[in-house]
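In this note's numbering, the protein residues as written are 1 to 260.
Accuracy of the hints is not assured; some may be wrong.
[Stated by the list, open to error] DSS-like mimics (lysine-lysine), calculated; alpha carbons at most 25 Å apart, straight line:
# : residue 1 : residue 2
1 : LYS118    : LYS72
2 : LYS212    : LYS72
3 : LYS212    : LYS166
4 : LYS212    : LYS158
5 : LYS77     : LYS63
6 : LYS77     : LYS166
7 : LYS118    : LYS241
8 : LYS63     : LYS118
9 : LYS212    : LYS63
[What the hints assert, rightly or not] Just the calculated beta-carbon pair ranges, DEER-fashion:
#  : residue 1 : residue 2 : range
10 : GLY53     : ASN236    : 19 to 29 Å
11 : THR110    : THR225    : 31 to 41 Å
12 : PRO248    : ASP71     : 19 to 29 Å
13 : VAL235    : GLN100    : 19 to 29 Å
14 : GLU230    : GLN177    : 35 to 45 Å
15 : GLU230    : ASP132    : 39 to 49 Å
16 : ALA231    : THR69     : 33 to 43 Å
17 : LEU246    : GLN100    : 14 to 24 Å
18 : LEU111    : ASP56     : 34 to 44 Å
19 : HIS201    : LEU246    : 16 to 26 Å
20 : ASP172    : GLY53     : 35 to 45 Å
It is worth saying that the hints were derived from the structure and are not from the lab.
Each residue gets a CB set at the ideal place from its N, CA and C atoms; glycine is no exception.
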Amino acid sequence: MKIRQGLITLTRIFSAAPLLLMVSVYPASTESSPNGGSIDPKTILSEMSAYLGNLDQFGFHAKITLERTVDKGERAKTQEAIDAWIERPNRLHAQLVGDQTHRELIYDATLITLVDWKENVFSRLVVPNTIDSMLDLISEEYGITWPLADFLYPNPAKVLLEQVEKSSFVGDERVGQFDCHRLDFEQPNVDWRIWIEAGAHPIPRKVVIEYKNLSDSPTFTGVMTDWIFEAPTNVNWTEVKGLEDLIPVDFIHIVKDRSK
1 MKIRQGLITL TRIFSAAPLL LMVSVYPAST ESSPNGGSID PKTILSEMSA
51 YLGNLDQFGF HAKITLERTV DKGERAKTQE AIDAWIERPN RLHAQLVGDQ
101 THRELIYDAT LITLVDWKEN VFSRLVVPNT IDSMLDLISE EYGITWPLAD
151 FLYPNPAKVL LEQVEKSSFV GDERVGQFDC HRLDFEQPNV DWRIWIEAGA
201 HPIPRKVVIE YKNLSDSPTF TGVMTDWIFE APTNVNWTEV KGLEDLIPVD
251 FIHIVKDRSK
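Work out the full structure: start from the sequences and follow the hints.
Shown next as structure tokens:
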């Protein structure tokens, strides 16, 4: 979920879909809500950011859909699911599964293990010992990103607002069984919307991104259906089950191979 300088790159190791946004702290506009009064969308986003940033550990399950224009103007869909779990400051487990995809990332302190279960290969890389530094390195040096990664940073709002030119509070809408605040944002090449749960737990429930500068007009939708705050029992940080049956490859090789 990265938007750098208004351009979304396709996910190279984790997904065939673009990521959410890496979006600077320019002042967000304040617009009147449909129900009267004035609500600053940046304030709501910052409350969500502070809530997530203060959590020592959390995880989520999300359903990912990428819709794009193909031949004769028809729209084609790609669907995947992602499960992510983090323990601050330096542990992350993420798994992406789709019809043509089964990939996994395990980050423990200074070591990343990337696994492509479809191709039966894996690779490892020594990285910085914080989640945000690790995410920056693998994105900037290797082009590796994955859906909804911005919410894993300690200050998601700073990342998300990076290139926002206009913002608005649309109103309250439901996402599944949850009442949410809908916020709309505009960037030079991207329009995006986010639904944040109302109440004491301001967590993101849905994100939609429309890419205005790409010929196939892709639309990314991520619906975060389940949030967890107690550590799962099936994450082994020091050993990946089944890794002994896979082929080890160089890190840059697995990145280039998956980006084809």
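We went through each hint and held it up to the structure:
This hinted pair does not check out: LYS118 and LYS72 have alpha carbons roughly 31 Å apart, beyond 25 Å. A threshold of 25 Å between alpha carbons decides the hint, and for LYS212 with LYS72 the separation of about 19 Å falls inside it, so the pair holds. Between LYS212 and LYS166 the CA atoms are separated by roughly 15 Å; this keeps the pair inside 25 Å, and the hint holds. Restraint check: the Cα-Cα separation between LYS212 and LYS158 comes to about 22 Å, which is no more than 25 Å; the hinted pair holds.
The suggested pairing of LYS77 with LYS63 holds, with an alpha-carbon distance near 13 Å, which does not exceed 25 Å. For the proposed pair LYS77 and LYS166, the alpha carbon gap of about 29 Å is over 25 Å, so the pair is violated. The straight-line distance between the Cα atoms of LYS118 and LYS241 is roughly 15 Å, inside the 25 Å bound, and the hint therefore holds. Restraint check for LYS63 and LYS118: satisfied, since their Cα atoms lie roughly 20 Å apart, inside the 25 Å limit.
Annotation: proposed proximity of LYS212 to LYS63 holds, straight-line Cα distance about 23 Å (limit 25 Å). Separated by about 27 Å at the C-beta atoms, GLY53 and ASN236 satisfy the suggested range of 19 to 29 Å. Between THR110 and THR225 the beta carbon distance is about 32 Å. The supplied range of 31 to 41 Å therefore holds. Against the hinted window of 19 to 29 Å, the Cβ-Cβ separation of PRO248 and ASP71 comes to about 40 Å, which falls outside the hint.
The given range of 19 to 29 Å is respected by VAL235 and GLN100, whose C-beta atoms sit roughly 25 Å from each other. In this structure, GLU230 and GLN177 break the distance hint of 35 to 45 Å, their C-beta atoms being roughly 21 Å apart. About 23 Å separates the C-beta atoms of GLU230 and ASP132, a value inconsistent with the hinted range of 39 to 49 Å. At roughly 42 Å, the beta-carbon separation of ALA231 and THR69 lies within the given 33 to 43 Å, and the hint holds.
Distance hint for LEU246 and GLN100: a CB-CB separation of about 18 Å, consistent with the stated range 14 to 24 Å. The given range of 34 to 44 Å is broken by LEU111 and ASP56, whose C-beta atoms sit roughly 21 Å from each other. Range check, HIS201 to LEU246: about 39 Å between beta-carbon atoms, so the 16 to 26 Å window is missed. Under the hint 35 to 45 Å, the C-beta atoms of ASP172 and GLY53, about 24 Å apart, miss the expected range.
Checked against the numbered hints above, the structure breaks hints 1, 6, 12, 14, 15, 18, 19, 20 and satisfies the rest.
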